[in-house]
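Visitor: Can you build the whole structure from these sequences, using the hints too?
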Amino acid sequence: MKSRTIKVNYLARVEGEGALYVKIKNTTVVDVKLKIFEPPRFFEAFLRGRAFTEAPDITARICGICPIAYQMSAVHAMEDALDVVVDGQLRALRRLIYCGEWIESHSLHVYMLHAPDFLGYESAIHMARDYPEIVQRGLQLKKVGNEIVTHLGGREIHPINVRVGGFYKVPTKQELKPLAERLKWARNAAFETVRWTATLPFPEFEQDYEFVALQHPEEYPFNEGRLVSNKGLDIAVRDYDDYFVEEHVPHSNALHSVLKEQGSDNLTGRLYLVGPLARYNLNFHRLSPLAQDAARSAGLSPVCRNPFQSIIVRSVEILYACDEALRLIQEYEPPEKPAVEVQPRAATGYGCTEAPRGILYHRYRIDDDGTILDAKIVPPTSQNQKIIERDLYQFVSKNIELPKQKLTQQCEQTIRNYDPCISCATHFLKLNIEQE
Amino acid sequence: MESQIPNFESPILLIGIGNKYRSDDGIGLEIACRLKALNLPGIKVMEETGEGTTLLEAWKGIDRVILFDAICSGAMPGTIYRFDAHNQSIPAKFFHYSTHALGISEAIELARALHQLPTYLIVYGIEGKNFTAGLGFSSEVEAAAQEVVKHVLRELQPFLLQKMCSKNLT
Chain U
0 MKSRTIKVNY LARVEGEGAL YVKIKNTTVV DVKLKIFEPP RFFEAFLRGR AFTEAPDITA
60 RICGICPIAY QMSAVHAMED ALDVVVDGQL RALRRLIYCG EWIESHSLHV YMLHAPDFLG
120 YESAIHMARD YPEIVQRGLQ LKKVGNEIVT HLGGREIHPI NVRVGGFYKV PTKQELKPLA
180 ERLKWARNAA FETVRWTATL PFPEFEQDYE FVALQHPEEY PFNEGRLVSN KGLDIAVRDY
240 DDYFVEEHVP HSNALHSVLK EQGSDNLTGR LYLVGPLARY NLNFHRLSPL AQDAARSAGL
300 SPVCRNPFQS IIVRSVEILY ACDEALRLIQ EYEPPEKPAV EVQPRAATGY GCTEAPRGIL
360 YHRYRIDDDG TILDAKIVPP TSQNQKIIER DLYQFVSKNI ELPKQKLTQQ CEQTIRNYDP
420 CISCATHFLK LNIEQE
Chain V
0 MESQIPNFES PILLIGIGNK YRSDDGIGLE IACRLKALNL PGIKVMEETG EGTTLLEAWK
60 GIDRVILFDA ICSGAMPGTI YRFDAHNQSI PAKFFHYSTH ALGISEAIEL ARALHQLPTY
120 LIVYGIEGKN FTAGLGFSSE VEAAAQEVVK HVLRELQPFL LQKMCSKNLT
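Those sequence lines, one after another, are chains U and V. If you're matching positions, the first sequence starts at 0 in numbering that gives the first Met the number 0 and goes up one per residue. If you're matching positions, the second sequence starts at 0 in numbering that gives the first Met the number 0 and goes up one per residue.
It should be emphasised that the hints constitute simulated quantities derived from the structure, not laboratory data. None of the values given here were measured: they were computed from a predicted structure. Ideal placement from N, C-alpha and C gives every residue a C-beta, glycine not left out.
Taking lysine-lysine and the BS3-like style, the derived pairs with C-alpha atoms no more than 30 Å apart in a straight line are:
1) V:K128 with V:K43
2) U:K168 with U:K336
3) U:K168 with V:K19
4) V:K43 with U:K176
5) V:K59 with U:K176
6) V:K162 with V:K59
7) V:K19 with V:K128
8) V:K35 with U:K168
9) V:K19 with U:K375
10) U:K403 with U:K22
11) U:K397 with U:K22
12) V:K128 with U:K32
13) U:K375 with V:K128
14) U:K168 with V:K43
15) U:K183 with U:K336
16) U:K32 with U:K403
17) U:K230 with U:K259
18) U:K183 with V:K59
19) U:K336 with U:K176
20) U:K172 with V:K59
21) U:K405 with U:K24
22) U:K22 with U:K32
23) V:K59 with V:K19
24) U:K183 with U:K168
25) U:K22 with U:K405
26) U:K22 with U:K385
27) U:K385 with U:K403
28) V:K59 with U:K168
29) V:K149 with V:K162
30) V:K43 with V:K162
Chain U regions said to be covered by chain V (calculated; three or more residues, Cβ under 8 Å):
31) 121-135
32) 138-152
Guide: Below, the structure written as structure tokens:
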């Protein structure tokens, strides 16, 4: 009997610890375990006893890449608890800042992390030596995203201008003008990005997924909508806990999310996928015409089940975010007040928004004074853990004859399809493939 | 031991890196904070999470940069490393490397490949002990931070003296 283990160590710094372990016996994959450490558990405890107004700034610290997503889910959950509606231009500004975060996060992943895999480079550094113009384009594109976040968020890292009810300060029309000029360049660059990523070589790897994303009747989802899937899920955000369950698995201190089987006590549940691929498949017709055309021209149909092609989908979402940001800026009229008044009351609030890597759920219970009694945070990466395991199982089974080094590299690429978040879910990732 | 800070007129940028909610990981931010509190002339201080491409943007157009970050290399907690990025590559194992972002060492190598490395780039790494979620530092790391602050002030001295002299002349 021949078995093997493949090990790859990603020595990340410190923000979490994760590992992947794959065991192969003869020509069969017998075990795949993804271990992910989750800082949100610490933050859930840390939030207890803090004022409801602190939730956006504290949770923004969970992730340096997607602080806006944490802020948005936090403010929506608090506003749900306080029965406050933020609409009009304040709502539009929230979409705008989210566009910035998507541009920033997706550009980083597409150009610096995922593309080198497809082109056979060890890293973006090696790719930059041969393709400096392309790497520069990625950096510039990311910078435009940063500029939007800095402009509206007050600063790029851990933005501080977002509050429950709106913002501390809103921009003037004039202040947004320079952003529009930069976004026109970015929109063209994003269009080129879609074309370029579509030329990359993709393995044949179509999978049958249950996609879960927000769906809104009028727009591609950022902040609001119902939680839907391609297999019948259609619920309000506040019903999340009735339909999703987090399982403890022996090999990980993280919780794995699954969809509960309704009418059954069986908690093994259904696997589901969140993130760009899910959003795209469930909301293609809500993309702007330009983004839809770019996807079609790139040969991407409205249904995409190959996770390796998520690099094209992310590029389409960058293009959409640039297009949407331009529309929002063109239609912007400064609101009379930077925020809606909020008064604390004892209640529970639910919020779910579309972080760059998928739905991010927050739930808070607060008392009459607005003190947080209880918090629950479910980041997208912990929701995708099981599906990453399944993809790896399928991928390794299909490519078991590949040399160990190649297989290991492709396992990394398979994980990168999901852009797993270092800060939200894992940072130290050790990849082990064992063959006896 | 170290290269001298060249006497340019432009400011010096100090960048603290880390996550203050991850115990010793926040020590880079803490060092930057302590130096910022001294209000040194011509010194600009920034806080970053360590995502590489953001660092490239942060030091664009600046000749002299000093970074502070916690590291996790297996050495004794509190061990201080000082790298001159022009003379050596920074070992990737010291700083983070993940599926999700570029770390400091990669940012430096990317900048080198794109000819965007500042003229003078020093990286201080402090070996951490406790990276679990929480606030505060372990004693070894706290002691190392005080040492780094003293060392940097000595390193900055010629520049600061020059700044103070030129201020007195005007």
